[in-house]
Amino acid sequence: MLMDHYNYWIVVVLMMTGFYIVIAHGNLIKKIVGLSIFQTSVFIFYISMAKVEGGTAPILEEGIRQYSNPLPHVLILTAIVVGIATTALGLALAVRIKEAYGSIEEEEIQRQDNLDC
Amino acid sequence: MAAPLCLLLTRPRMVWLFALVVSGTAFLTSILLLQQVMVSGTIVYELGGWKAPWGIEYRIDQLSAFLLLIISAVSTVVLLAAHTSIQQEIPASRHRLFYVLYLLSLAGMLGIVATGDAFNVFVFLEISSLSAYALIALGKDRRALWAAYQYLIMGTIGATFILIGIGLMYQMTGTLNMHDLSVRLPAVEHTRTVFTAFAFIIVGVCLKLALFPLHLWLPNAYAYAPSIVTAFFAATATKVAIYLLIRFTFSIFGLSFSFTALPLQILFLVLGLLGVFVASTAAIYQTNVKHLFAYSSIAQVGYMIIGFSMTTATGLMATLLHLFNHALMKSALFLALGAVMYRIGSVQLSQFQGLGRQMPLTMAAIVIGGLSLIGVPLTVGFVSKWYLVLAVIENGWWPVAVLILLASLLAVVYVWRIVEVAYFKPPLAANESVTEAPLSFLVPIWILVVANLYFGIDTRLSIEVAQAAAQSLFGVSP
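Protein chains in written order, with the working numbering: chain A, 587 to 703; chain B, -6 to 471.
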């Protein structure tokens, strides 16, 4: 029973791993990596949700009767693009933060900000 | 309506004028739309000619038309001042990018409000948020970068939560169309999956909404972004999130499910009140005026959530009214701050000394905006507070009404601090040469201020629309 849904277990594990990294790590790059893992788990979730038992890819071809639901797959393509954009923007910000502060550690940045005030 | 805006974005020259025209057109369109919706009811536009359950549709009812009007109006007025303001705050090479991002963000917000498809909401949400992160990072101060980064992390987590929620809903119902969802969800509403989906969506939206205690990203993001960006976002971004909250709880999940599945009513009431008090108190202790008003924004979101938590038509109407009014006052205030920034180059409270004499019109605008925040009669703030208190009393929650009035007193304190410094202290030596803000600032600021007063006295338009929207929401969900 538990093993039937093993991709959902992977989703949950990945999701929590990513979320934990985002919260626990002070390094900006690591935070973004965590965020990506978090988002990826959602992609897997959508994809496994659409899989139909014994189904193939949805192609117009003789003999194919049962196929997976293509809609979530298409949706997740969009979401992957969004994820890439977010990661890119986050990394770009990290680069500029490094230029401005000389550090990508959260604590160090907070310390410098406190000095400014 | 939003899509053509994106297509036209690549024009390199005369961007400001062009952006203004685009935003103005959107404004005119939304006025027409609102009129039409008020007369003839919901409009449905099928994207690409595909019928609703398969294709994506835009569905405009009273609520969304109302929001479209607010967003496009604020964006147009704010853009009027943008040209002057960004000259000083953003390097010239980035001006073009600024307008591109601004329009993208506008398109995203209009899209969220107009769309009738749950997944499309996520896409538009990300369009507007990604451009928002970039816009905030354009700020002059290096802290803007850090603020944008924090906002990015929080915003993405919020959006991903919403995505998970939408996925779970799709799994249970096999549709993404909001209207279909609302029809099919009741059949499966007792399952744990729907319950989880609802929880994910609420938490995700609340992150975007900056509802206390998920507000941590907001003050810095508002304080260090370029002034124009702050004026625009303060008036629109959180409003769009509130729209989503209303849309998901009322139209999609339905009132009876939303408020029985989770103890939402009491939860939102407590969080709203806490938000009002904590944020107002925090505002009193700020030395940066932009920070001050950012905290006050969180407090105002608290008021809206209180109205929302009552789940009565009057309460919801108060929320919608406050949404409209808060957009007016906050955009006026932040624009006025933008003018101060333009002249002095700082918005520290200590720099405001004597500005009452040097920039009388700008400071008068801040005072009127502040009075409106407090809720003094003849300003819009009074109208929405009045209805909010009325709704609370209607529900018989006397202590809450008292607390709301007490919280208004906190607003008196923080507005007074600005007034005191600006009018009763001699000008700083360094600022002697400061004069009134240029006309390109004064005109938009005073348009907003006059709107503040006008809608505070003649409340027919805003109330009528808010009432219609609130009632239609309650009509949809039995």
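Do not take every clue at face value.
[As the list claims (entries may be wrong)] Where chain B lies over chain A, by a calculated footprint (3+ residues, C-beta under 8 Å):
no. : stretch
1   : 604 to 617
2   : 677 to 689
[Unchecked claim] If you want a taste of the chain B side facing chain A, the calculated C-beta under 7 Å gives, among others:
no. : residue
3   : V116
4   : E119
5   : A130
6   : R135
7   : W139
8   : I157
9   : L342
10  : S343
11  : Q344
12  : F417
13  : L421
14  : Q464
15  : F467
[As the list claims (entries may be wrong)] Derived, one-sided and incomplete: chain B residues facing chain A with beta-carbon distance under 10 Å:
no. : residue
16  : I120
17  : S122
18  : L156
19  : I159
Honestly, the hints are just simulated from the structure, not real lab data. All values reported here derive from a predicted model rather than from experimental measurement. In this text, a Cβ means the ideal position worked out from N, Cα and C, and glycines have one as well.
- [ ] Please name the hints from earlier in the document that this structure breaks, with their numbers sorted from lowest to highest.
- [x] Structure breaks hints 9, 10, 11, 12, 13, 14, 15.
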